[in-house]
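K.L.:
If you read the protein sequences in the order shown, they are chains F and Z.
In terms of our numbering, the first sequence opens at residue 1 and continues consecutively.
In terms of our numbering, the second sequence opens at residue 1 and continues consecutively.
If you are wondering where the hints come from, they were derived from the structure by calculation, not from laboratory data.
A hint or two may mislead.
What the hints assert, rightly or not - Once the Cα atoms are required to be at most 20 Å apart in a straight line, the calculated EDC-like pairs of lysine to aspartate or glutamate come out as:
id, chain 1, residue 1, chain 2, residue 2
1, F, K3, F, E16
2, F, K155, Z, D173
3, F, K186, F, E210
4, F, K186, F, D176
5, F, K183, F, E210
6, Z, K155, F, D173
Protein chains: 2
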Amino acid sequence: MKKILILMELNSAQREKLEAAGAGAVLRFSLPDRVSEDEVQEADIIIGQPKAEMIRASERLELLQLESAGAGAYVVPGVLNEKTVLTNATGAYSQAVAEHALAMTLMLQKNLHLYRDRQRAARWQDLGTVSSLAGSTVAVVGMGDIGGYYAGLVKNMGAYVIGVKRRLSACPDYADELVLTEKLDKVLPRADVIMSALPNTSATRYIYTEESFRHMKDSAIFINCGRGNAVASGTLYEALSRGEIAAAGIDVTEEEPLPENSTLWSLENLIITPHVSGGHHLPATVDRIVDICAENLHAFLNGGKLKNVVDLSTGYKT
Amino acid sequence: MKKILILMELNSAQREKLEAAGAGAVLRFSLPDRVSEDEVQEADIIIGQPKAEMIRASERLELLQLESAGAGAYVVPGVLNEKTVLTNATGAYSQAVAEHALAMTLMLQKNLHLYRDRQRAARWQDLGTVSSLAGSTVAVVGMGDIGGYYAGLVKNMGAYVIGVKRRLSACPDYADELVLTEKLDKVLPRADVIMSALPNTSATRYIYTEESFRHMKDSAIFINCGRGNAVASGTLYEALSRGEIAAAGIDVTEEEPLPENSTLWSLENLIITPHVSGGHHLPATVDRIVDICAENLHAFLNGGKLKNVVDLSTGYKT
Numbered sequence: 001m002k003k004i005l006i007l008m009e010l011n012s013a014q015r016e017k018l019e020a021a022g023a024g025a026v027l028r029f030s031l032p033d034r035v036s037e038d039e040v041q042e043a044d045i046i047i048g049q050p051k052a053e054m055i056r057a058s059e060r061l062e063l064l065q066l067e068s069a070g071a072g073a074y075v076v077p078g079v080l081n082e083k084t085v086l087t088n089a090t091g092a093y094s095q096a097v098a099e100h101a102l103a104m105t106l107m108l109q110k111n112l113h114l115y116r117d118r119q120r121a122a123r124w125q126d127l128g129t130v131s132s133l134a135g136s137t138v139a140v141v142g143m144g145d146i147g148g149y150y151a152g153l154v155k156n157m158g159a160y161v162i163g164v165k166r167r168l169s170a171c172p173d174y175a176d177e178l179v180l181t182e183k184l185d186k187v188l189p190r191a192d193v194i195m196s197a198l199p200n201t202s203a204t205r206y207i208y209t210e211e212s213f214r215h216m217k218d219s220a221i222f223i224n225c226g227r228g229n230a231v232a233s234g235t236l237y238e239a240l241s242r243g244e245i246a247a248a249g250i251d252v253t254e255e256e257p258l259p260e261n262s263t264l265w266s267l268e269n270l271i272i273t274p275h276v277s278g279g280h281h282l283p284a285t286v287d288r289i290v291d292i293c294a295e296n297l298h299a300f301l302n303g304g305k306l307k308n309v310v311d312l313s314t315g316y317k318t
Numbered sequence: 001m002k003k004i005l006i007l008m009e010l011n012s013a014q015r016e017k018l019e020a021a022g023a024g025a026v027l028r029f030s031l032p033d034r035v036s037e038d039e040v041q042e043a044d045i046i047i048g049q050p051k052a053e054m055i056r057a058s059e060r061l062e063l064l065q066l067e068s069a070g071a072g073a074y075v076v077p078g079v080l081n082e083k084t085v086l087t088n089a090t091g092a093y094s095q096a097v098a099e100h101a102l103a104m105t106l107m108l109q110k111n112l113h114l115y116r117d118r119q120r121a122a123r124w125q126d127l128g129t130v131s132s133l134a135g136s137t138v139a140v141v142g143m144g145d146i147g148g149y150y151a152g153l154v155k156n157m158g159a160y161v162i163g164v165k166r167r168l169s170a171c172p173d174y175a176d177e178l179v180l181t182e183k184l185d186k187v188l189p190r191a192d193v194i195m196s197a198l199p200n201t202s203a204t205r206y207i208y209t210e211e212s213f214r215h216m217k218d219s220a221i222f223i224n225c226g227r228g229n230a231v232a233s234g235t236l237y238e239a240l241s242r243g244e245i246a247a248a249g250i251d252v253t254e255e256e257p258l259p260e261n262s263t264l265w266s267l268e269n270l271i272i273t274p275h276v277s278g279g280h281h282l283p284a285t286v287d288r289i290v291d292i293c294a295e296n297l298h299a300f301l302n303g304g305k306l307k308n309v310v311d312l313s314t315g316y317k318t
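The task is simple: from the sequences and hints, build the whole structure.
P.N.:
Right under this line is the structure:
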């Protein structure tokens, strides 16, 4: 009988869902900061995220189902045996992260960050012109589940959506146009809003350079709800303080937590949230994660087709 | 020849549009704070908003086309002669105000006001659970153009929309259900978000009482982008400080500007903007206002049907 180790905080309904999916196997429930290395080494299947160094390329481990969308720590060579199948929870977070990104976009377009600051000083002050998604051009960089969800939201509000992605495909109905990532610099000058939803891979690290920001409109809004190392803090600081773009909203930073002495904190035209757009902050997200884990567990035990298999060489969903 | 007085700040394209619509009449351009009482008294048609006390029930004035959606100052008895037709610019503001209201809604749902405060103190702090429009119930109180536009936006994001209105009508496709305003107290306990887009009339003044807020969920978000006197500042303060509702976002206040010593300024769970959601803050709004004015001017001079005629007894569009 397969030994399944489940390392997630679950309510009883969610636990029952996994128990039903794992019927016929031995299920053990624990948590990442409580589980022992021996328990990890004995598992045939792990659902959740043990410390990567506990896995040590276990030959026994057949399936590692993550609860996150990113797989960064587990695609590092030496962590997983090449026979282990890695799956993630891509898709579970798309609603939460895309809504957070939209909230940031609208907050910046309507100057609500600046009005909040004025409110703190009891100042009733009109700050002038605002902008709108209607009639604007939005570049969505990274058209995975999160980027796609955000694209749909802004398209519904009247934006023209340029999806920027690694590989050519047919244009989905939530975008108006697709452009390859290698042509990013050609897209930036056209965009009123740039929303970045890139995962952390060697190809996306520091993809936004000083030059990228100079390519953007000085009225542009830059949103990053992907991974913080898509842009260096110093690069973002310069672009915002020099007015190369109008404003930015970031849920992720190059170094996390953002150091207390970072110059980014004090920028008026930047809003910062502490990597909270995803995670388990939206109750619906956890239900979706459990659904994905249960479906994959059932499929794996019964020879079905797995969802969200991660390519160990790219860190992307295959 | 009719004498037409135009009291608006216009660019040349907008001016030309009005000149074309008023072909054959005598057009005079000025501004509300520059125009003389004699000029107002000599006009057959006024487009824009002279000080109400300058009109003195002018018998000559056939049409007053406002550039605002509210008509409050001009429906006061004695301002307009009963033969004068009053039209407003309802519809021109709906996109700007509804987007502002949506921005406030999302900002509160995602705790972005609280994260902004933390940012000012260089604090990287996770504030926990957020909410979503998807699967939530939104009560839109006042289903005019603004309420209708907002209803469409939140419905697109997955909300169940209850439209609250004065008169029964067929349910529009941007709402799931319509309820009469007199049954408002029955709707409030069901709503996760209450968005108020009511004009200023005798029936809407202080429509939200202390009891109304007690009817709402303690997790409810209240948004007011209509008129400030729909709720007394003290009532709103008590509801928010006692936790009868979770948070509020208001673009309008009982007294405007909100007095510097108002207790509302310091509430953490309230966001305040200084009556800026409408006005001319969004460039698209001004174009829409000019379109309405030009259409009505042309219609009036050529015996066509007028848009946005205001009932002097209710202040509402007929």
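K.L.:
Hint by hint, work out which the structure violates, then give me just those numbers in ascending order.
P.N.:
Of the numbered hints, all hold.
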